[in-house]
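Spelled out, the chains give:
Number of protein chains: 2
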Amino acid sequence: MEKVFEFLTPERAFKLAKTVGTPTYIYDEGELCHAAKDVLNFPHAFGFKARYAIKANPNAYILRLFDKLGLHFDASSGYEAERAMLVGINPEKIQITAQEYPKNLKYLLEKGVLFNATSCLQLEMFGNEFPGKEVSIRVNPGIGSGHNNRTNVGGLSSSFGIWHEWIPEVKKIAEKYGLTVTKLHTHIGSGSDPKTWEKVVNLSLNAVKKFPHVHTLNLGGGYKIARTATEKSTDLLVIGLTVKKAFETFYKETGRKLDLEIEPGTYLVAKAGILLSKIIDKVSTGKDGYTFLKLDTGMNDMTRTTLYGAIHPVKIYPANGILPKEKETVVVVGHCCESGDIFTPVPGDPEGILPIELPKSRVGDLLAFGVAGAYCASMSLINYNSFPQIPEVLIALDGKFILLRKRQSLQDMIALECEEVLDLT
Amino acid sequence: MEKVFEFLTPERAFKLAKTVGTPTYIYDEGELCHAAKDVLNFPHAFGFKARYAIKANPNAYILRLFDKLGLHFDASSGYEAERAMLVGINPEKIQITAQEYPKNLKYLLEKGVLFNATSCLQLEMFGNEFPGKEVSIRVNPGIGSGHNNRTNVGGLSSSFGIWHEWIPEVKKIAEKYGLTVTKLHTHIGSGSDPKTWEKVVNLSLNAVKKFPHVHTLNLGGGYKIARTATEKSTDLLVIGLTVKKAFETFYKETGRKLDLEIEPGTYLVAKAGILLSKIIDKVSTGKDGYTFLKLDTGMNDMTRTTLYGAIHPVKIYPANGILPKEKETVVVVGHCCESGDIFTPVPGDPEGILPIELPKSRVGDLLAFGVAGAYCASMSLINYNSFPQIPEVLIALDGKFILLRKRQSLQDMIALECEEVLDLT
Numbered sequence: 318m319e320k321v322f323e324f325l326t327p328e329r330a331f332k333l334a335k336t337v338g339t340p341t342y343i344y345d346e347g348e349l350c351h352a353a354k355d356v357l358n359f360p361h362a363f364g365f366k367a368r369y370a371i372k373a374n375p376n377a378y379i380l381r382l383f384d385k386l387g388l389h390f391d392a393s394s395g396y397e398a399e400r401a402m403l404v405g406i407n408p409e410k411i412q413i414t415a416q417e418y419p420k421n422l423k424y425l426l427e428k429g430v431l432f433n434a435t436s437c438l439q440l441e442m443f444g445n446e447f448p449g450k451e452v453s454i455r456v457n458p459g460i461g462s463g464h465n466n467r468t469n470v471g472g473l474s475s476s477f478g479i480w481h482e483w484i485p486e487v488k489k490i491a492e493k494y495g496l497t498v499t500k501l502h503t504h505i506g507s508g509s510d511p512k513t514w515e516k517v518v519n520l521s522l523n524a525v526k527k528f529p530h531v532h533t534l535n536l537g538g539g540y541k542i543a544r545t546a547t548e549k550s551t552d553l554l555v556i557g558l559t560v561k562k563a564f565e566t567f568y569k570e571t572g573r574k575l576d577l578e579i580e581p582g583t584y585l586v587a588k589a590g591i592l593l594s595k596i597i598d599k600v601s602t603g604k605d606g607y608t609f610l611k612l613d614t615g616m617n618d619m620t621r622t623t624l625y626g627a628i629h630p631v632k633i634y635p636a637n638g639i640l641p642k643e644k645e646t647v648v649v650v651g652h653c654c655e656s657g658d659i660f661t662p663v664p665g666d667p668e669g670i671l672p673i674e675l676p677k678s679r680v681g682d683l684l685a686f687g688v689a690g691a692y693c694a695s696m697s698l699i700n701y702n703s704f705p706q707i708p709e710v711l712i713a714l715d716g717k718f719i720l721l722r723k724r725q726s727l728q729d730m731i732a733l734e735c736e737e738v739l740d741l742t
Numbered sequence: 318m319e320k321v322f323e324f325l326t327p328e329r330a331f332k333l334a335k336t337v338g339t340p341t342y343i344y345d346e347g348e349l350c351h352a353a354k355d356v357l358n359f360p361h362a363f364g365f366k367a368r369y370a371i372k373a374n375p376n377a378y379i380l381r382l383f384d385k386l387g388l389h390f391d392a393s394s395g396y397e398a399e400r401a402m403l404v405g406i407n408p409e410k411i412q413i414t415a416q417e418y419p420k421n422l423k424y425l426l427e428k429g430v431l432f433n434a435t436s437c438l439q440l441e442m443f444g445n446e447f448p449g450k451e452v453s454i455r456v457n458p459g460i461g462s463g464h465n466n467r468t469n470v471g472g473l474s475s476s477f478g479i480w481h482e483w484i485p486e487v488k489k490i491a492e493k494y495g496l497t498v499t500k501l502h503t504h505i506g507s508g509s510d511p512k513t514w515e516k517v518v519n520l521s522l523n524a525v526k527k528f529p530h531v532h533t534l535n536l537g538g539g540y541k542i543a544r545t546a547t548e549k550s551t552d553l554l555v556i557g558l559t560v561k562k563a564f565e566t567f568y569k570e571t572g573r574k575l576d577l578e579i580e581p582g583t584y585l586v587a588k589a590g591i592l593l594s595k596i597i598d599k600v601s602t603g604k605d606g607y608t609f610l611k612l613d614t615g616m617n618d619m620t621r622t623t624l625y626g627a628i629h630p631v632k633i634y635p636a637n638g639i640l641p642k643e644k645e646t647v648v649v650v651g652h653c654c655e656s657g658d659i660f661t662p663v664p665g666d667p668e669g670i671l672p673i674e675l676p677k678s679r680v681g682d683l684l685a686f687g688v689a690g691a692y693c694a695s696m697s698l699i700n701y702n703s704f705p706q707i708p709e710v711l712i713a714l715d716g717k718f719i720l721l722r723k724r725q726s727l728q729d730m731i732a733l734e735c736e737e738v739l740d741l742t
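So the sequences go chain by chain: A and B. Numbered per our numbering, the first sequence spans residues 318 to 742. Numbered per our numbering, the second sequence spans residues 318 to 742.
Do not take every clue at face value.
Since the list can't tell identical chains apart, any single copy or any two copies may satisfy a pair.
[Unchecked claim] Straight-line distance between alpha carbons at most 27 Å, and here's what the computed DSS-like set of lysine-lysine pairs gives: (1) Lys516 / Lys526; (2) Lys516 / Lys604; (3) Lys595 / Lys423; (4) Lys599 / Lys423; (5) Lys527 / Lys569; (6) Lys604 / Lys527; (7) Lys488 / Lys599; (8) Lys595 / Lys385; (9) Lys450 / Lys549; (10) Lys604 / Lys493; (11) Lys450 / Lys335; (12) Lys410 / Lys599; (13) Lys410 / Lys320; (14) Lys489 / Lys599; (15) Lys423 / Lys723.
Hint data in this document are derived by calculation from the structure and do not stem from the laboratory.
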């Protein structure tokens, strides 16, 4: 996995550590562009749009870059849609697929944002507020393939989307409010297996058959990235050709040319990110115990390891510039006062400890986690143990370093605390 | 567990939902005072201090209240100590026990903050910066009893504190810098078993014997609160008497009267907190599937359920004021686009789903999670899916409602985003 650290040369790492300080997130614009190009080349039979799943990394610069490169956007909440608009994204390029019906949906729709109803109640609320409109619906086709239960978003145990058996109910609601269902969305998790994709596409196309006005099928999820040597990336070309073929067959059978939409998050940003930290301590629990490398970052900055047992590749940047040949077996731990703050768990089991072999390091060396661009800065236990939220920096195409988020101060952290008597009369 | 909802009467719940909106944290000053009194009555043989573990809930009002009631403070980072000082806590009442040696320790110590060295390197750094001073050390006595691996902070697999076998090394460092070890700290996790406590106290007292100038033994951790009917609270009186007896025996044997310190976090705030949310949707995956109650809160506001499979008691507040006799079996889920956003997992297994029986509810009813005062607001995936950080409200002793934290705006959320070219020359 050395390749994922290529953009962070030792020279850059130490310059950034000196200027911005550690810990910090570092993104590579080249890798972001590369991933966007990959996604925009997704094979398709007819029309095509790729939507970036903003929740993976909602930093303003990244949204604007993807906008310029031709991506559209998927917002997981009304807030997320508004956030994207606030930083300059054209509302017409944003579609909301949310578990929570946005309170200000009228405002958002007037601006041009698109809405994808994910439950019968959402469809009913939408119909009531906007009778006679076109609408998209999310359907749970009854299959899922997440890499663990917590990222599996299809099937019986998933609350996401309208369960396929309720399609007659959808039709009733649509008729009641004069709605036309023109887009259909399914989402099956983060799997990389083409066979699962084939099944889902066919299930989804069967659902499309029930809605004569649907012109677009959105296939969310499943654009997985390998974070370690043993994990498998989704091969977009393989998956894409499967999907393309199914759309062509559907056309032959029905005469309907469907547009395709996909919604990658991880795929677009994961590899472009690194979390850079410093080794601040090295402790041991004796000959029957472990050697621990302690970092100045932790589960407060990057939570997915302690949350899922997700493994990120590690690279040491020795302070003296010389990587020793000698190895050591260590447990890498964070700086929070919580024993779960471990970066080397048993893969998929955050309660297990699995020491890893690294070049022998010293306090003061830098330690980087690779493939940390997705669900890292955006999904973290911000301010746990009162550590300030960390900065985000971009290495631009021209080699310049651009600060994308300032390090939080203690004053920022407590700015919203107050002592205000409420009038409840 | 009905008792934990007593302070949130239906009238108060609906008033707050109307004024502050949902979701919101609600704290009860009476319950905070009650818990503080309990802790301050901890049996002890000689001198005694109780330190509140700030990380459990660092809200300024709560810190100031506990300060007035006579508690001292335990800070898990240099930032946390400074945060407490910023809101008015006397630095001399704060002790830092951190995995990360604070960069500004000199400033903090000059103000009066106390320091507890948790590794040989920390002791060395302290000695180097402050030769000749008195110091506290944290020792890992080689035993632990957390309720799961992730909250077990003693034993071979814990990096916290100086492993007991390195005490000779501690003595060398102390001698080198003329330091006097006057306080000793052990911390064994969150167990409620008195037998474990007896072992730990005796192991800790054995360590004290090796340091003739130690006048205070700090026994951290272990002050557990039952969050559900099947969990067990730590009985402070039982534990306290065990500890008191051991201190008295130690005095008889050695002639040394030790002061006792304890550091509860959860015990002081857990029961005083409720997370109040609204039921926004109800979906089903058919007769072989589940019925899901969907809330306007989620893993972004209260993360410990999806993190540990931690169970919180649930209460429905019907919008029409009438609790139906009819029950239903439901999975309670959050509003994040992530299948792990489930509030009813298998206890201790966040990947499992365990539907619970609740009075039949309707969209628009309020749903409250009890025992949500500790590690809830302070340990959450803030801004995941771009949901704003939620408010905190206190019900004061006089019945007034006091806003302790304002709801975050989208502007607050992105205030630190920027696009600033860095000069790295």
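Contradicted hints - numbers only: 8, 9, 11, 12, 13
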